[in-house]
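**Q** With the hints as your guide, set chain S onto chain G.
So the protein lines, in turn, are chains G and S. Note that the working numbering gives residue 189 to position 189 of the first sequence, counting from 1, and the numbers run on in steps of one. Just add 1000 to the spot in the second sequence (first one is 1) and you have the working numbering.
Don't take each hint at face value.
[Said to hold, decoys possible] Beta-carbon label-pair distances, calculated as ranges:
no., chain 1, residue 1, chain 2, residue 2, range
1, S, Pro1245, G, Asp28, 35 to 45 Å
2, S, Glu1046, G, Asp24, 55 to 65 Å
3, S, Glu1159, G, Val105, 31 to 41 Å
4, G, Ala125, S, Ala1160, 26 to 36 Å
5, S, Phe1008, G, Pro139, 22 to 32 Å
6, S, Glu1248, G, Ser143, 41 to 51 Å
7, G, Ala168, S, Ala1194, 42 to 52 Å
8, S, Leu1243, G, Glu173, 53 to 63 Å
It should be emphasised that the hints constitute simulated quantities derived from the structure, not laboratory data. Just so it is clear, the structure is predicted and the values come from calculations on it, not from any experiment. A virtual CB, placed ideally from N, CA and C, is assigned to each residue, including glycine.
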Amino acid sequence: MSLLIALPKGRLGDDLVPRLRGTDLALDEGALKSRVLRIPTATAGVEVLLLKGADLPRYVAAGIASFGVVGSDLLDESAEDLLELADLRFGACRLSLCAVAGTTVEALRRRPHLRLATKFPKATAAWLAKEGLTAELVPLASSAELAPILGLADAIVDLVQTGGTLKAHGLEEILVLGTTSARLVASHAAWLAEAKAARPIVRTLIEALRQA
Amino acid sequence: MPTHMPHFPDLLFEPAARLRAWEGILMRLLAEAGYRELHPSLVMREPMEAEAVRFFDGADLVALRWDFTLALARLLASRFDAAPSRISYAGAVFRRPHQPWEPVERFEVGCERIQGPDEDGADADVELARLMVAMPTALGLQGGILQLGHAALLRRPMEAEGLDPERAGRVVRGLHRRAAHRVAAALDGHPAAARLLAHAEALLVEPDGSGKFEALAASPYAGLLEDELAHLRRAQAAIAPLLPPDLELRVDPADVQGIGFYTGPTLRLWAPGAQAELASGGRYDGLYPELGRPWKAAGFCLRLSRLLDLADTRPDLFGKVAP
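The shape of chain G in the complex, shown without the other chains (with noise of 0.2 Å):
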């Protein structure tokens, strides 16, 4: 039976790949360019599994993957108990409010009624409890830059890298509420069953992932 790493798709995945080349983790070329989301990696009976991050941890907490990369954002906003094994250090985003160019914080505290979209509503929630404030959260999937200048929401809590994609919309970031990072995941019943054979791997996981 192989060993199998879930490994994010998306921009942390186009990220990560790179990194994995030339090592005894490096994925198979040939797969990556086909439509299969298992693939082969230099050493036999390791694959990986390429997912949706928001769905990697849930893999992972199964023990279907011994082992998983995924955002530190969406792992604080996962309900699965995960090993947390090490921060990557790559992938790095500011979990932030924005807004449309011009707006406060003050502004949006006023509002007698703030509505606030985002992929990430645990982190929002814990926010607003934190400030003692309430809104009304709208869950959203993707293209949240869209909601303030669309009329959805009064601002969005959501990830800003460079702040191009919030320039071209017309929006600003205004607080930063935390940073996230690429972290590698493990379950808790995996890593006690197979911390001795994986440590290789994890090892290799850290090495070529948290390369510059």
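**A** Leaving out everything else, chain S in the frame of chain G:
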């Protein structure tokens, strides 16, 4: 029974028979060790926890039993002047473990060892460990890992350094994830951050042989934790000879789950293929004093629902069980 939450399972024939048989085997094992069964009502009243499945019975808000230990403690504290020393239980609990829309019904068998304030808890802890070790074998489960921790190894240094509950909670969550970087972030700005982080790193050393104890001996809080470390060593030495060949003992002081409840040694049973622990327990000397009784207590619970799941998904892990 591979279905997951929300989950009020109907057990059809084979799992129903297995549940009945397993409950019988385990309750006999506990009875032979001197434990007497109590069966607290399925309905619990105030105060209720957020995880309880609640409903109105006329004008009264009631909840389905969500935790045997608490139900038993309320029963014992209100009905007995002297603590009965050995209690066993079997039945269902109803909880909302993650999200409020995911209630579950789980079957459990467990036991509680209750003592007077002056009795030594160490022997009782070993007695309970002996019973927990015997249970997987009694059910025919082959292979497993027994994880031995100690709640006070983190709790006491945090109390000594006066961590506020919010910061302490973040430290516990970071350590539970085995994430030193989360612990460091949680301690950032605290005057004792360097000491507590060094201690957290000692707790996180991989459990290989005696390395764990050597790391803890070098912790800034080694003096404060002298009794707890001695207790952990004694527990390890007492449990190791009891283990069947396919059950491995791991000392894991970074196991801080339930630190708000447990006050001493903790034990968890894991098996390959199980998504969560199959049994857990430990010493919780704070519960009965909260209910007005000066009693100490320890106990554990075997999660039969998870074992039924495992028997369904990994039958290869189970040998034949004597009828």
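**Q** Each hint should be assessed against the structure and marked as holding or not.
**A** Against the structure, the hints come out as follows:
1. S:Pro1245 - G:Asp28: 35 to 45 Å: 40 Å, holds
2. S:Glu1046 - G:Asp24: 55 to 65 Å: At 58 Å between Cβs, range holds.
3. S:Glu1159 - G:Val105: 31 to 41 Å: For glutamate 1159 (chain S) and valine 105 (chain G) the Cβ distance comes to about 37 Å; the hint holds.
4. G:Ala125 - S:Ala1160: 26 to 36 Å: 33 Å, holds
5. S:Phe1008 - G:Pro139: 22 to 32 Å: 27 Å, holds
6. S:Glu1248 - G:Ser143: 41 to 51 Å: 49 Å, holds
7. G:Ala168 - S:Ala1194: 42 to 52 Å: Check passed, 44 Å falls within 42 to 52 Å.
8. S:Leu1243 - G:Glu173: 53 to 63 Å: 56 Å, holds
In this structure, none of the earlier numbered hints is contradicted; all agree with it.
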